[in-house]
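Residue strings, one per chain:
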Amino acid sequence: MSNKNTNFSTSRRRLLKGLGMVGLLPAIPTIAANTSGHAGHVIVVGGGFGGATAAKYIKRGNPKIDVTLIEPNSTFYTCPFSNLVLAGERSLDSIGHSYEELKSVFGVNVIHAFAEDIDGVAHKVTLSNGSVLSYDRLLLSPGIDMRWNAIEGYDEAASEKAPHAWKAGNQTLLLRKQLEDMEDGGTFVMSVPADPFRCPPGPYERASLVAHYLKQHKPRSKVLILDSKDNFSKQGLFTSAWKDIYGDMIEWVGVSGDGRVVRVDADKREVETEFGTLHSASALNIIPPQKAGFIADRAGVTNESGWVPVNPNTFESQQVADIYVVGDATLAAPMPKSGFAANTQGKVAAAAIVASLAGITAPDPYWANTCYSLVNPDYGISVAGVYKVEDNQIITVPGSGGLSAADASLEIRQAEAAYAVGWYEAITQDTWGTQY
Amino acid sequence: MSVRSILAAFALVSCLPAIAQTTNDWQRVAPLAQAVNSEVVLSKGIDITLPLVAENGAAVPLRVNFDTSQLAESEFIRSIRVFSSGNPNAEVIDFHFEAPFSRIELSTRIRLSESQKVFVLAESNQGRQWLSQRDVRVTVSGCLMTGDDSVDAAVMSSPRIALPRNARSGEAAEVRTLINHPMETGFRETAAGEVIPQQLVESLTIKQNDQPILLVKFHTGTSANPFVSAFLDEVDNLLFRWEDQLGEHIEEKP
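Protein chains in written order, with full-length UniProt numbering: chain Y, 1 to 436; chain V, 1 to 254.
Everything labelled a hint here was simulated from the structure, so no lab data went into it.
Wrong hints could be hidden among the right ones.
Claimed, not checked - Reference excerpt, derived from the structure (chain Y facing chain V, CB under 10 Å, subset only): (1) Val255; (2) Ser256; (3) Asn303; (4) Leu331; (5) Ala333; (6) Pro334; (7) Val389; (8) Glu390; (9) Pro398; (10) Gly399; (11) Gln435.
What the hints assert, rightly or not - Cβ-Cβ distance ranges computed for the label pairs, FRET-style: (12) V:Arg165 - Y:Asp181: 44 to 54 Å; (13) Y:Asp364 - V:Thr49: 32 to 42 Å; (14) V:Arg63 - Y:Thr277: 15 to 25 Å; (15) V:Thr190 - Y:Ser400: 45 to 55 Å; (16) V:Ser102 - Y:Asp93: 54 to 64 Å; (17) V:Asn237 - Y:Glu152: 26 to 36 Å.
Glycine included, C-beta positions come from ideal geometry on N, C-alpha and C.
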């Protein structure tokens, strides 16, 4: 299976990706020796792709700025590649990242606590350990929260029995357990929300890798995707690959085929759709509708959509001054809610914060994103885009990016699977590490 | 809380110019300008729910609530019509009420070809009209490229009806319905550059005890697989009838 000796050198690609990432950095102004001594205090809330990247790149832009990162967990588990953990192809440890290098190499002060409240006027953050910190600039990378009870019967307690696994870690292991306990001939049922949600191609990669596991271990089983929309990311590529690799194992039902789940019975592992169809599951994965993480609400930066509107040039909140917000919590379409997007947004916000504290204008931003998906561990597909600001809105640079070709050879699919691994290693190093 | 109240004040200020512009925008949409009668158009009382940013313009969820408490005695809503400022054809969907409905709360899925304004025009049996509008930004999210441009057969199939599970007599309850059909607009081309001819489901009639109570007219601005939900005062003895442009029809009972 592991036929990865293609004509493409993974390590060279990896290096290029790493360089590419640095090249994408929109020229953070490097501030020369600051004679005044105090260059400002920035608090970063959330140590995922957006927050950890921002903390690191603020220190790189001006080491004299004090940066405090607030993150409850000492290890961050990435959603990218968590579908491989679910399928038993990787350990949870292999997608865990610590904050040691941010502390020891870049001098970021890391506090493991929850941020519980924010006062945007007084510039203060209250932590779960009781302390209250003052900031000059605040950067939130709060990720997502689930909209509990948006689907009848699906609340936080139900998610222990029908995991969402849309935040990696314990939820991933819960769903993995259900998959392992499933009998041959059972059905893995997944409910997918309408746009926007974290990682648009993620559910379909998950369905693929679950099928990859089932094909080897429980070949009479099925994967049923109940979707709240009629079109999905890389649909043509996924559906043709599913047919080639998994035959009839994966069934997708769109909203017009009665795919929208409106009620969940987590105890019975049963769901009901919009037009009254009942589906029983051996393993049940409910990916519910989502909104910006809780602390964004506390900071007053969300609007009625539940997400955060930002100034596209800087990713500063449109609603509260001196608060910057990056990642899945923001309204940044056409940029997707992805780890890669959060990483590049973190760099743009870092540059804007460094410039703002130095009293100079932020550089013009641009962003890139690539979403790799694995249909199996040796079959990769991707979609890429480059973004810029025009008329005060983020737009896709015309002619940039694109989808993997529909008629690509198996060698290309294998190469893209290898690039996906290279991408993962490069971006996690760029976010939490020191390599590249 | 102080931050919020300051923000709320700002929001209020920034809303004012939008209201002032309302009278101009609708006049530029020809079918809407024609539909507006000489009576005073009221701008309050219609609540439009649409996403601020739609990541897929092919099926944008739309919900319309009309506050019936502002109606006079023996006045009821005759029609709710939806128009768009930027689609090739401004007409989106029309609801004609053949009987008084106590609760006007409709939902559907619409097509928006670009960022634009959506207008909702309500008219009562006494000729009073209400007009409201919303801006929607349409942007295809970077990861939503599907790579799938298939052409489906333009025939109606799989009509579906969902009645409320616990409807109580004397209380309006939501009925949902959907039929599968690609709703070809006539604006689309095949990969070879040939125009795919227009093929639409033209209408849905909901009858109760053999009497029509709601007539829904679909246009090119209605999404594929037209979906409609409405609150009905009674949900017994219903019949749903769809008709397409070819003259075919399908009837279905819940």
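Against the structure, the hints:
no., hint, verdict
1, Val255, "8 Å, holds"
2, Ser256, "4 Å, holds"
3, Asn303, "7 Å, holds"
4, Leu331, "6 Å, holds"
5, Ala333, "5 Å, holds"
6, Pro334, "5 Å, holds"
7, Val389, "13 Å, violated"
8, Glu390, "12 Å, violated"
9, Pro398, "13 Å, violated"
10, Gly399, "14 Å, violated"
11, Gln435, "27 Å, violated"
12, V:Arg165 - Y:Asp181: 44 to 54 Å, "31 Å, violated"
13, Y:Asp364 - V:Thr49: 32 to 42 Å, "36 Å, holds"
14, V:Arg63 - Y:Thr277: 15 to 25 Å, "23 Å, holds"
15, V:Thr190 - Y:Ser400: 45 to 55 Å, "26 Å, violated"
16, V:Ser102 - Y:Asp93: 54 to 64 Å, "60 Å, holds"
17, V:Asn237 - Y:Glu152: 26 to 36 Å, "28 Å, holds"
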